[in-house]
Structure formats: structure tokens, C-alpha cells
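Protein chains: 2
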Amino acid sequence: MSISTDATIASFGGKLLKLKHSAKTTNCEMKFNLFLPSTATTSKPAPVLIYLAGLTCTGDNGAEKGFFQSKAAEKGIAVVYPDTSPRGLGIEGEDESYDFGSGAGFYVDATKEPYSKGYKMYSYITEELPKALFGQFKELDGSRVSITGHSMGGHGALTLFLKNPGMYKSVSAFAPIANPSKCPWGEKAFSGYFGEDQKQKWADHDATELLPKFPNDTDILIDVGTGDNFYKQGQLLPENLEKAAKETGKGLKVNYREGTFAGDHVEHAAKYLLK
Amino acid sequence: MSISTDATIASFGGKLLKLKHSAKTTNCEMKFNLFLPSTATTSKPAPVLIYLAGLTCTGDNGAEKGFFQSKAAEKGIAVVYPDTSPRGLGIEGEDESYDFGSGAGFYVDATKEPYSKGYKMYSYITEELPKALFGQFKELDGSRVSITGHSMGGHGALTLFLKNPGMYKSVSAFAPIANPSKCPWGEKAFSGYFGEDQKQKWADHDATELLPKFPNDTDILIDVGTGDNFYKQGQLLPENLEKAAKETGKGLKVNYREGTFAGDHVEHAAKYLLK
Numbered sequence: 001m002s003i004s005t006d007a008t009i010a011s012f013g014g015k016l017l018k019l020k021h022s023a024k025t026t027n028c029e030m031k032f033n034l035f036l037p038s039t040a041t042t043s044k045p046a047p048v049l050i051y052l053a054g055l056t057c058t059g060d061n062g063a064e065k066g067f068f069q070s071k072a073a074e075k076g077i078a079v080v081y082p083d084t085s086p087r088g089l090g091i092e093g094e095d096e097s098y099d100f101g102s103g104a105g106f107y108v109d110a111t112k113e114p115y116s117k118g119y120k121m122y123s124y125i126t127e128e129l130p131k132a133l134f135g136q137f138k139e140l141d142g143s144r145v146s147i148t149g150h151s152m153g154g155h156g157a158l159t160l161f162l163k164n165p166g167m168y169k170s171v172s173a174f175a176p177i178a179n180p181s182k183c184p185w186g187e188k189a190f191s192g193y194f195g196e197d198q199k200q201k202w203a204d205h206d207a208t209e210l211l212p213k214f215p216n217d218t219d220i221l222i223d224v225g226t227g228d229n230f231y232k233q234g235q236l237l238p239e240n241l242e243k244a245a246k247e248t249g250k251g252l253k254v255n256y257r258e259g260t261f262a263g264d265h266v267e268h269a270a271k272y273l274l275k
Numbered sequence: 001m002s003i004s005t006d007a008t009i010a011s012f013g014g015k016l017l018k019l020k021h022s023a024k025t026t027n028c029e030m031k032f033n034l035f036l037p038s039t040a041t042t043s044k045p046a047p048v049l050i051y052l053a054g055l056t057c058t059g060d061n062g063a064e065k066g067f068f069q070s071k072a073a074e075k076g077i078a079v080v081y082p083d084t085s086p087r088g089l090g091i092e093g094e095d096e097s098y099d100f101g102s103g104a105g106f107y108v109d110a111t112k113e114p115y116s117k118g119y120k121m122y123s124y125i126t127e128e129l130p131k132a133l134f135g136q137f138k139e140l141d142g143s144r145v146s147i148t149g150h151s152m153g154g155h156g157a158l159t160l161f162l163k164n165p166g167m168y169k170s171v172s173a174f175a176p177i178a179n180p181s182k183c184p185w186g187e188k189a190f191s192g193y194f195g196e197d198q199k200q201k202w203a204d205h206d207a208t209e210l211l212p213k214f215p216n217d218t219d220i221l222i223d224v225g226t227g228d229n230f231y232k233q234g235q236l237l238p239e240n241l242e243k244a245a246k247e248t249g250k251g252l253k254v255n256y257r258e259g260t261f262a263g264d265h266v267e268h269a270a271k272y273l274l275k
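Residue numbers (the numbering used here), protein chains in the order written: chain A, 1 to 275; chain B, 1 to 275.
Be aware that a few hints might be false.
Given that identical chains are not distinguished, each listed pair holds provided it fits within a single copy or across any two copies.
[Said to hold, decoys possible] Straight-line Cα separation of at most 25 Å, DSS-like style, residue types lysine-lysine; simulated pairs:
| no. | residue 1 | residue 2 |
| --- | --- | --- |
| 1 | K246 | K138 |
| 2 | K15 | K271 |
| 3 | K131 | K253 |
| 4 | K246 | K201 |
| 5 | K232 | K15 |
| 6 | K44 | K75 |
Hints were generated in silico from the structure; no laboratory data involved. All values derive from a computational prediction rather than experimental measurement.
Turn these sequences into a full structure, and let the hints steer you where they fit.
Dropping the structure here:
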């Protein structure tokens with residue numbers, strides 16, 4: 001189905017388009033955002049960076065906060081911000097958890113009822129969205145696409161890259177869920193979307209399992225904040241991915257960055273609230 | 001109106017409550033989140049940190065990402081995450097901009113039509129919400145409340161603190177809009193909510209104007225990322241607040257933190273997309 005434009009917003013010299021289309025894979029209307037740098041033209045189409053968002057997010061969060069646009073504008077790179085799940089399918093319980101169902105598609109094709117109805121974010125991101133997008137926006141160069149993401153979206157970026165050699169020119173991630181089969185978020189999602197006994201399917205969507213099998217060299221960049229609560233809780237497990245990379249000679253750089261803003265601000269309040 | 005509970009989620013040993021109530025100030029149902037540490041009881045009520053979110057956010061974003069809960073649980077502090085505006089008032093154009101109208105209440109009481117109808121986030125946060133909350137949740141100590149916020153919410157935290165000496169035990173902010181009368185976001189919001197000619201009202205909600213008039217000493221903590229695009233665009237202007245603090249001998253610490261994750265990840269993709 002063709003993509004329609006809800007809004008066009010001036011952004012860093014280019015424009016941010018708020019778009020939607022009716023998607024077959026996900027069985028609903030899907031919204032997403034596209035940042036087009038001023039340099040993108042049909043005669044000189046821009047390469048594309050896909051940003052996969054994390055739990056609870058839509059395609060709006062990253063786009064409206066402008067995380068990437070400044071640098072992307074400078075480099076002449078377009079940025080696509082898809083949604084994180086189908087919306088409004090009417091599956092019982094789909095809106096109940098922040099970490100499963102709506103806002104939490106995990107970039108897989110669910111095979112277990114009732115989520116198999118439309119929770120097909122893997123096919124949506126790798127097939128339906130690019131086909132619709134590159135078919136319609138000739139200012140985009142569909143042969144030069146990279147992928148990145150945050151948290152659940154970091155898991156998505158890593159696994160989509162690793163499952164599709166050659167599809168993406170590069171991959172990076174912030175605080176990715178790097179070994180979902182071994183963490184509570186991933187266990188919940190994979191149990192619900194595949195089934196508890198479908199361990200091969202789990203492995204097929206787990207970056208730490210996929211990396212050793214990747215046929216080419218890699219140059220993967222990952223950032224993790226060591227003060228990140230989810231890192232500390234063992235939801236992210238970048239060490240497991242690092243170990244897999246080291247054992248198989250794959251290129252992976254994990255930057256562990258210290259400190260969190262939030263912790264400092266609670267400490268500041270605590271000085272006054274608890275004295 | 002009494003507060004009802006939509007969900008109770010286990011969080012860092014305590015619980016995260018998803019709450020809603022019908023609010024008079026904002027003329028609509030308001031949702032918000034409350035993190036209750038395990039130590040909070042009616043016989044030993046917990047002090048409270050209010051986190052005001054930024055543009056486009058709801059009370060869910062900060063709460064579900066868990067930014068504060070880990071440290072708050074450790075310290076025995078409750079955290080309240082209000083919404084950033086009324087919702088669904090049906091004012092023409094209220095959903096059109098990310099930086100005005102819904103998701104962008106700016107923590108003021110609008111006096112200009114049509115937003116004066118329900119865009120009263122100042123009264124909501126300083127009066128109606130605490131009255132409803134502390135009236136119902138006896139596990140909270142309404143006499144020990146601090147406030148913090150991000151971006152537009154940082155502006156909210158600073159101005160609510162400065163306009164109400166003694167109401168809050170402390171204030172801090174991440175990347176606050178520190179001088180809204182002098183930046184595009186603030187000019188747009190204050191023009192729309194007050195009117196372009198209402199400069200006294202603008203000043204009454206501008207931290208840089210309010211700080212010199214504050215009757216007490218202050219110990220304000222602010223974090224700003226120097227790679228933050230909005231900082232670079234002059235939307236935040238923490239330097240103006242610093243100047244006001246210095247000139248009047250008020251206590252203010254602005255930490256300028258370097259670098260952004262996002263820029264690095266675009267650089268990584270650019271290496272491959274542009275070669």
C-alpha cells in the first residue's frame with residue numbers, strides 16, 4: 001500500500017516526514033518517521049540509517065528528540081524511525097505489559113497464537129517497509145542502508161543485520177539486549193511469541209547465537225552505560241556477545257560508559273529529602 | 001476526584017503504579033505513574049521526588065525506562081511521573097506540533113484562548129495533583145517533596161521550585177530550558193499560552209528571571225550534554241541562568257558533560273554508507 005504523509009516538519013535543514021501506510025505483515029496501519037536531509041534528491045539519492053526504538057517507544061520518540069538528525073544532516077544520510085510493534089490488533093492483553101505486546105514487538109515474526117496474527121515485525125522491517133519506502137521515495141538509495149537501535153531496538157538491529165548478510169552496510173547499537181535467550185525480557189518475549197519449547201527459534205533471533213555463524217567479518221559498535229539499571233539487572237548481557245565475538249574472531253567494540261544522570265539527580269534530592 | 005489504579009507492576013523491590021484521575025484544572029482525565037519503594041508505609045511514609053518529563057513525553061516514558069527507580073528504591077524515595085499536558089481537549093491544532101499543545105504544556109496556566117480552557121499544568125502539578133495524591137496515598141510524606149525534570153520538564157522543575165519557596169525541598173534538572181523567554185521553544189509556547197505582549201507573564205515562568213528574586217539560598221544541580229543538539233541550537237541557555245546565579249550569589253552547579261551517543265553511531269554508519 002502506498003505511504004501517505006501526515007506532516008512535514010522542517011528539521012536540521014532537511015525535513016522530518018510523519019508517514020503511515022497499511023501493512024500486510026502486521027495487519028494494521030503502521031506509522032513511521034523519515035528524516036530526509038536537504039541533500040537527498042532523486043538524481044542523488046541519500047543512503048539510509050534505520051533506527052529501531054526500544055520498549056514502549058513509537059517511531060516518534062527518537063525522531064522528535066532529534067537524536068540523529070544533526071549529524072545525519074551533516075553527513076547527508078536519511079534516517080528511518082519505524083514503530084516497535086503493530087497497534088490495535090485487539091489481541092487480549094496486548095496492551096497490558098510494557099515489555100510484551102504493543103510497543104514490544106522484539107523484531108521477530110511471532111509463530112504462537114494469538115500473536116502470530118500480526119506481530120511480524122521482522123518481516124515488516126526487513127521486507128514490507130523497505131519495499132514500500134524505496135518504491136515511493138526515489139530520494140532514498142535502497143542499496144545503501146545501515147541499521148542501529150536502542151535496547152530492544154539494539155537487539156533488533158543486531159539480529160536483522162546478522163540474519164541477512166549484505167542487507168545492511170553496518171550495524172551499531174546502544175544498550176542492546178545482546179543475548180535475549182538468557183535475560184528476563186527476552187525470555188518473556190520469546191516465550192510469548194514463539195513458545196517456551198521453541199529454543200531453535202529463540203537462537204535464530206539472539207545476537208550472541210547468530211554472531212558466530214555470520215559468514216563475513218564484522219565491525220559492530222555498541223555503547224552501554226555501566227550505570228544503566230537494565231545492564232546491572234542482566235537484561236543486556238553485552239559481555240556474552242563480546243565473548244562470542246572473541247571466540248570466533250568477529251569484530252565488535254563495546255564501549256562501557258560510566259555514570260548515569262538519573263542516579264546523580266536522585267542523590268541530589270536525597271540530600272534534602274532524607275536529612 | 002479519587003485516583004484509580006490501572007496497573008501495579010513490580011519494580012526494584014517496590015511497585016510502579018499506573019494511575020489516573022479526573023482533574024478539574026486540566027478539564028480531562030490525567031494519567032500518571034507512581035513508584036512506591038518497598039519501605040513506604042502509612043506509619044513511615046516515604047519522601048517524594050516529582051519528575052517532570054519533556055516534550056512529547058507522557059508519565060510513562062521516564063517510569064517505564066526506570067531511570068530513577070533503582071536509586072530511589074535504594075534511598076526509600078517515591079517518584080511521581082505526571083503527564084506533560086492535558087489530553088484530548090479537542091482544541092483545534094492541539095495535536096499538530098510536538099512543541100506546543102498536547103505533550104507540551106510547559107507547566108504554565110494558559111491565559112490565552114483557546115488554551116486557557118484546560119492547559120493549566122502549573123495548577124495541576126502544584127495544587128491538584130499533590131492534593132489528590134497525598135490525600136489518598138498515606139504511604140507518601142507530602143511534607144518532603146523534591147522536584148526534577150528533563151528539558152521542558154527541567155524548565156517546569158526550576159520554575160515551580162522558584163515560584164513556590166518552601167514547597168519543594170530541592171530542585172535539579174537535566175538539559176532544562178533555562179531561559180524560555182529567549183529561546184524558540186519558549187517563545188512559541190509563551191506566545192501561544194499567554195500572548196506575545198504578555199512579557200510579565202513570560203518572566204513569571206522563566207527560571208533565569210525568577211532566580212534573582214528567590215528569597216532563599218539555593219543549591220540547584222543541572223546537567224547538560226554539550227553535544228545535545230538543542231543545547232547547541234540555543235534552546236536551553238543554561239549559561240544565562242548561570243550568569244543570573246553568579247550576579248545574585250545564588251547556588252547553582254551546571255555540569256557540562258561531553259559527547260553524545262547518537263553522533264557516534266551516525267559516524268559509524270557514515271563510514272560504511274558513504275565509502
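Here is what the structure says about each hint:
1. K246 with K138: Neither way: K246 and K138 sit 40 Å apart in one copy and 53 Å across, limit 25 Å.
2. K15 with K271: between (44 Å within a copy, 23 Å between copies)
3. K131 with K253: neither (31 Å within a copy, 50 Å between copies)
4. K246 with K201: Within one copy only: 24 Å inside a chain, 60 Å across chains, cut-off 25 Å.
5. K232 with K15: between (38 Å within a copy, 19 Å between copies)
6. K44 with K75: within (14 Å within a copy, 56 Å between copies)
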